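Peer 1: Here is what each chain is made of, one letter per residue.
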Amino acid sequence: MPKTITEQNLRLLIDTLVKEGTRVVGPRAAGTMTLYEPLATGEELHLGELPRRSAKEAFFPLCETILTYEKDKEGVKVSDIDPARFPETVLIGARPCDVAAAPVLDAVFSWDFKDEFFLERRRKTTIIGLACTKADDACFCTAVGLSPSDTKGSDLFLTPLKDGGYRCDVVTEKGEALLSAHAGLFADGTGEPLPLAEPTLGKLDLEKIRNWLDSHFEDPLWEEIAQRCAGCGACAFLCPACHCFDIVDEGGEQKGARRKSWDACGFGKFTGHASGHNPRDVQPQRYRNRIMHKFKYYHDKFGQRLCTGCGRCIRACPVGIDIAAVLEEINNK
Amino acid sequence: MHAHKENHDFEPKIIAFVCTWCTYAGADLAGTSRMQYPANTRVVKFPCTGRIDPVFILRAFQKGADGVLVSGCHPGDCHYMAGNFHARRRFAAFRALLDFIGVDLQRLQFSWVSAAEGGKWVEVATELTERVRALGPMREFKELEAEEQWSGVIDTPELQEAYNNIP
Amino acid sequence: MTNSAQTIDPALYAAVTDAVRAEARKVLESGAVAAVVGWQAGRRAGTAMPTIVTDPAKAADLIFSPACVNNLALYLTKAKKEVRGKGKIAIVAKGCDLKALVGLMGENQLKREELHIIGVVCAGVQGAAADRSLPLSEATIAGKCRECTVHTPENTDVTVGTLTELPHFTPTESAELARLEAMTPAERWSFWKEHFSRCIRCYACRQVCPFCYCEQCLCDRNRPQAVETTPRPAGNMAWHIVRAMHLAGRCAGCAECERACPMDIPLNLLNRKMARELKELYGHEAGFKPKEKGPLAEYREDDDQSFIK
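Protein chains in written order, with this note's numbering: chain A, 1 to 333; chain B, 1 to 167; chain C, 1 to 309.
Treat the hints with caution; some may be incorrect.
[Claimed, not checked] Simulated pairs of lysine-lysine, BS3-like, Cα-Cα distance not exceeding 30 Å:
{"no.": "1", "chain 1": "A", "residue 1": "K71", "chain 2": "B", "residue 2": "K63"}
{"no.": "2", "chain 1": "A", "residue 1": "K73", "chain 2": "B", "residue 2": "K45"}
{"no.": "3", "chain 1": "A", "residue 1": "K296", "chain 2": "A", "residue 2": "K152"}
{"no.": "4", "chain 1": "C", "residue 1": "K293", "chain 2": "C", "residue 2": "K279"}
{"no.": "5", "chain 1": "B", "residue 1": "K142", "chain 2": "A", "residue 2": "K71"}
{"no.": "6", "chain 1": "B", "residue 1": "K63", "chain 2": "A", "residue 2": "K77"}
{"no.": "7", "chain 1": "A", "residue 1": "K255", "chain 2": "B", "residue 2": "K13"}
{"no.": "8", "chain 1": "C", "residue 1": "K309", "chain 2": "B", "residue 2": "K45"}
[Claimed, not checked] On the chain C side, residues computed to face chain B include the following (Cβ under 10 Å):
{"no.": "9", "residue": "W189"}
{"no.": "10", "residue": "W192"}
{"no.": "11", "residue": "K193"}
{"no.": "12", "residue": "A226"}
{"no.": "13", "residue": "P231"}
{"no.": "14", "residue": "A238"}
{"no.": "15", "residue": "E277"}
{"no.": "16", "residue": "E301"}
{"no.": "17", "residue": "D304"}
{"no.": "18", "residue": "I308"}
[Said to hold, decoys possible] To be clear about the criterion: a stretch of chain B counts as covered by chain C if any three or more of its residues have a C-beta under 8 Å from a C-beta of chain C, and this derived list gives those stretches:
{"no.": "19", "segment": "70 to 84"}
{"no.": "20", "segment": "91 to 100"}
{"no.": "21", "segment": "108 to 114"}
{"no.": "22", "segment": "135 to 149"}
The set of hints was computed from the structure by calculation and includes no laboratory data. Everything numeric in this text was worked out from a predicted model, so none of it was measured. Beta carbons are placed, not taken as given, at the ideal position from N, Cα and C, and that holds for glycine.
With the rest of the complex left out, here is chain A:
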């Protein structure tokens, strides 16, 4: 039976969840932009535009402590972080291009090493996706095989309706549990959905692109594109699928913490060796890795691609590098 929820009840749902002690993360107005942040009340939900940073933060924090140490008379005491302390989270109002990245990331974080930090946060996160009704000229989800109404990764999925409110589809058991726990806020029925967003970039032949990448590790294209690359991490940090991280120890002799934070393959230091040698010592090699990892290596290993077409890297790149244009160029070769 299809369900609907009114705008008012959606906000009430947030209020209720917050009162129950759940961390509710959703788009929120933050200065000049919208960001996924914890919502204090339903009123704060701000669905008008795509948040500047992706929703991966809900389960892949920008920076988190993974252990702490403290020196006392007896010696050094090292304490692990107890994953039981990760907050129960509901991620609400996330776009399909953000949500679809989550199951893609599950593959690598549960591969040869089970990353409890990521996996436990994922387990504790229930995702309420939201169909997308507004695309700009950087959006290209449809070109990489997604759609503005793709439920991939969502537990519940909202579709905005013409007459206001949302249709709510149950995608997983986790979603079902959330819905039935707050059944009073939902009503039976459906309605006419608002027209979906229409990204303008045509379909890309991702298999063809992968084949081309397979045989073009060395190619003048890399220099042509990436000689302009400034080597910052804006693309990777805003990307819903980029998941590289760095681990550093911070603190002093007496106490400190080991912390994990986002890293980016565009940084010169990313592959720097202690010896001073750098296997990727020029920017085009780093950019090549970015494309190869997203559209070849990850697919070779896990059968999925690290791009959902959200367009954030295109909007944010300070030197105008456009991943969709790069893919189009390879596609047309």
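Since chain A is already given, all that's left is putting chains B and C on it; use the hints.
Peer 2: Just chains B and C, lined up with the frame of chain A:
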């Protein structure tokens, strides 16, 4: 020795970055002359004020200093001819920057103290200590140090307690 | 209001584009330069990106438009060795970009005779959040351009374009600077704390800065660690203070750091503040003529020391 030691509610941590040739010798003179000044000052010795990078001052605040004192040779007396002249400009700029960021400049003092000025060292160190004592602890950087990005926050009552305990 | 035009005529940019293409073709064909650093159009309408042209036939790809926001001086620094290695370089430069080139010359990073500077007369470029389909106006122009004093670059090898009368724009940056200066220290602290806490340490500000050409950034070091590398509020605050300090007296105000920031941190306010302080204290202004020593690399015996006991 410390017959007049008073008990205060708050003992500020003062970090003094000094040059070895003038101010350190001046502070030494104060000591050998048995002059009294508050024991709040931790002295860090450098070859020259020209070696004192503004980032050291920042680091001191970040790591818990309530006040910072930077002191070296009087203009013209630099052991390396011009180290203190360069430092003077750098500190003038850094002061302006810290002020613009919102750091209370009353917590940061620069001075010239020569090897013969044990008395001036006592005066400068005492004045800064008492001024900072009156201002209370430097909360800003300590609070920042304890803050996390929302995504990295975990449910840790003991951390919250530590945060609440920042004076 | 001194004139009636509220928008900037796109024809101005079209004329500059033609002239840039002609000049680029000429210097490439004659072999006077090995490469031309300029802008080309991006895939999306109304966007542009830096490009390095070596083939005279590709000179026709060059453009100049309100989307040509980048300061191309970046590509001539030692952070971009590959470009310099090509030989003598021609660079297309707006007045604001030229100031960075001048600064780099002063710091012995560039030699004037190794450059062919194609100056472009610039009426302004678009702001970060601007609707790209509209011509430049009060609503779409970048903050720095509202207060531009270098529409026509000087001491170039060739300058193309002619400046027409421009609309009057209300300054926003200097007003914002004044607003901050009028605050109490505690208010300023919370202003910057909020902005810096949002920082994700992508280092776009550093990477696009023509003056951040150090091969080893202090802030990447961990032994000893001067600045925490993790994007927590503490490290972010330290990073931005160090960045501003290292640019003081050098930054010529191109505002690329602020434009590149994906978190919209008003970084140029810090740069402007420092530039003004150093001008007031030492009479120094960055970017007008190559000076071997910046204000923080030289001194006078009678410098102000009223703040020193």
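Peer 1: Determine which of the earlier numbered hints do not hold for this structure and return their numbers in increasing order.
Peer 2: When the structure is compared with the hints, none of them turns out to be violated.
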